[in-house]
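With chain A held as given, fit chain B onto it using these hints.
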Amino acid sequence: MANRALYEEDIGAIQTVLKGLLDTCYAQGALLVDNAGQLILNAGTTPDFDLHAFASLVAADFAANSELARLLGEDSFSTLVHQGGRENLYLTRVNPRVILAAVYDKRTSLGLVRLRVKRCVSELRECFQRLFDRRQQSIADVPMFDPALVHGLESELERAFGQQ
Amino acid sequence: MALVNYFSREIQFKVVYYGPGLGGKTTNLTYIHAHTPPQYRGNLVSLKTQEERTLFFDFLPVSLGEVGGYRARFHLYTVPGQMIYQASRRVILQGVDGVVFVADSSPDRQDGNRASLRDLVRTLDAHKLPLRGLPLVYQWNKRDVPGALPVERLAGVLNPWGRPAFPSVAVSGEGVMETVKGALRAVLHAFQEEAAAQPPAPMAESQVRA
Chain A
1 MANRALYEED IGAIQTVLKG LLDTCYAQGA LLVDNAGQLI LNAGTTPDFD LHAFASLVAA
61 DFAANSELAR LLGEDSFSTL VHQGGRENLY LTRVNPRVIL AAVYDKRTSL GLVRLRVKRC
121 VSELRECFQR LFDRRQQSIA DVPMFDPALV HGLESELERA FGQQ
Chain B
1 MALVNYFSRE IQFKVVYYGP GLGGKTTNLT YIHAHTPPQY RGNLVSLKTQ EERTLFFDFL
61 PVSLGEVGGY RARFHLYTVP GQMIYQASRR VILQGVDGVV FVADSSPDRQ DGNRASLRDL
121 VRTLDAHKLP LRGLPLVYQW NKRDVPGALP VERLAGVLNP WGRPAFPSVA VSGEGVMETV
181 KGALRAVLHA FQEEAAAQPP APMAESQVRA
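From first to last, the protein sequence lines stand for chains A and B. Numbering-wise, my numbering puts 109 at position 109 of the first sequence, and it's gapless, one number per residue. Numbering-wise, my numbering puts 3 at position 3 of the second sequence, and it's gapless, one number per residue.
Please note that the accuracy of each hint is not assured.
Claimed, not checked - Not everything, but these chain B residues come out facing chain A in the computed CB check (under 7 Å):
#1 Val4
#2 Gln86
#3 Ala87
Said to hold, decoys possible - Derived EDC-like pairs (lysine to aspartate or glutamate); straight-line CA-CA distance at most 20 Å:
#4 A:Lys106 - A:Glu9
#5 B:Lys181 - A:Glu156
#6 B:Lys48 - A:Asp23
Said to hold, decoys possible - Simulated restraints, written as ranges between beta carbons of each label pair:
#7 A:Phe49 - B:Glu152: 42 to 48 Å
#8 A:Arg114 - B:Ala197: 26 to 32 Å
#9 A:Lys118 - B:Ala34: 16 to 22 Å
#10 B:Val121 - A:Phe132: 24 to 30 Å
#11 A:Glu8 - B:Pro37: 56 to 62 Å
By construction, these hints were calculated from the structure, which means they are not laboratory data. Here the structure is a predicted model, which is why all the values come from computation and not from measurement. Even glycine gets a Cβ: it sits at the ideal position worked out from N, Cα and C.
If we strip away everything but chain A, and leave its shape as in the complex, we get (with noise of 0.2 Å):
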């Protein structure tokens, strides 16, 4: 099991980084999802649906189209575009772990959110990479850990699932 860890300095600077992508296309909201549908960060409005199925839903969307993308010869579609009525939906490959999500409606546009991504994305990129070339061997800092912290997971576990 290979974990992953996100510092507080790390989420500033990508913090930074999405609220200048909402600043200046003015999109309602940009979050950031891995490949197993975990929510890394999200920046803007919030919304009043649930950010982690939302989450899963698009890692989802976004490996099913790329395994669409497979079988028609390409190596992957990096950006998918959902339009509804009233929102709409912008995904777009960060580095081969991350997904960008941003949500927009008719206060802005296709072509306006496209292009601030596209800047956005190199920032991204850079803040990931920093991030990954970190040694990731902070887990064992994490306190929660310690056994005695983690009887008191279990004991959690028993009052989530203890009733039938």
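Relative to the frame of chain A, chain B by itself:
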């Protein structure tokens, strides 16, 4: 692979329910969703066919209470069991931290069980996730069907590694909660063991206390 977010103080894990078609994977998640207090779980997302068969996946987020200042989140998925959906299963298994293999105890479903297990091993290999290091628990489901095979026989064929196993009748909920607790416990312990095996890291700026 687990995602540790020091900023939000969350650790996210991915657990996938795997197994042959109509074996009870979706039934497990449906039961967990219906019988878990809302503060511990989100909504169940199901992508399925008109015939109510899983088309892509089911998804149920589970969040435990805060412990030691951190919150553990488990994202539970099922895969479609029908053999034609192999590409979908490959997608869903990406980044998995633990697997629940839901086997069908019906005497006429053993070929399906074996094929599904072979498919699991093959797909994990494709993702460079050796089964040896991955938390895996078994559920011997449908213990109530006439002629259900003895668990010893199921284990002999499907569980040569001696991983934890739980008998169940998922439609009634029997064994469902025991299975999910067993799986999540295995994931936590594996994560803890991996953390214990790592050398101390230099403190990151965000971890320095003023």
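Hint-by-hint comparison with the structure:
1. With a least beta-carbon distance of about 4 Å to chain A, the hint placing Val4 (chain B) at the interface is held under the 7 Å criterion.
2. Contact between Gln86 (chain B) and chain A, as hinted, is not supported at the beta carbon level, the nearest pair being about 10 Å apart and thus beyond 7 Å.
3. Nearest Cβ of chain A to the Cβ of Ala87 (chain B): about 5 Å, under the 7 Å cut. The hint holds.
4. This hinted pair does not check out: Lys106 (chain A) and Glu9 (chain A) have alpha carbons roughly 34 Å apart, beyond 20 Å.
5. Under the criterion of a C-alpha separation no larger than 20 Å, the hint pairing Lys181 (chain B) with Glu156 (chain A) is consistent with the structure, at around 10 Å.
6. A threshold of 20 Å between alpha carbons decides the hint, and for Lys48 (chain B) with Asp23 (chain A) the separation of about 38 Å lies outside it, so the pair is violated.
7. For Phe49 (chain A) and Glu152 (chain B), the Cβ-Cβ distance of about 46 Å falls inside the hinted range of 42 to 48 Å, so the restraint holds.
8. At about 45 Å, the beta-carbon gap between Arg114 (chain A) and Ala197 (chain B) misses the expected band of 26 to 32 Å.
9. The given range of 16 to 22 Å is broken by Lys118 (chain A) and Ala34 (chain B), whose C-beta atoms sit roughly 45 Å from each other.
10. For Val121 (chain B) paired with Phe132 (chain A), a C-beta distance near 28 Å keeps the hint of 24 to 30 Å intact.
11. About 31 Å separates the C-beta atoms of Glu8 (chain A) and Pro37 (chain B), a value inconsistent with the hinted range of 56 to 62 Å.
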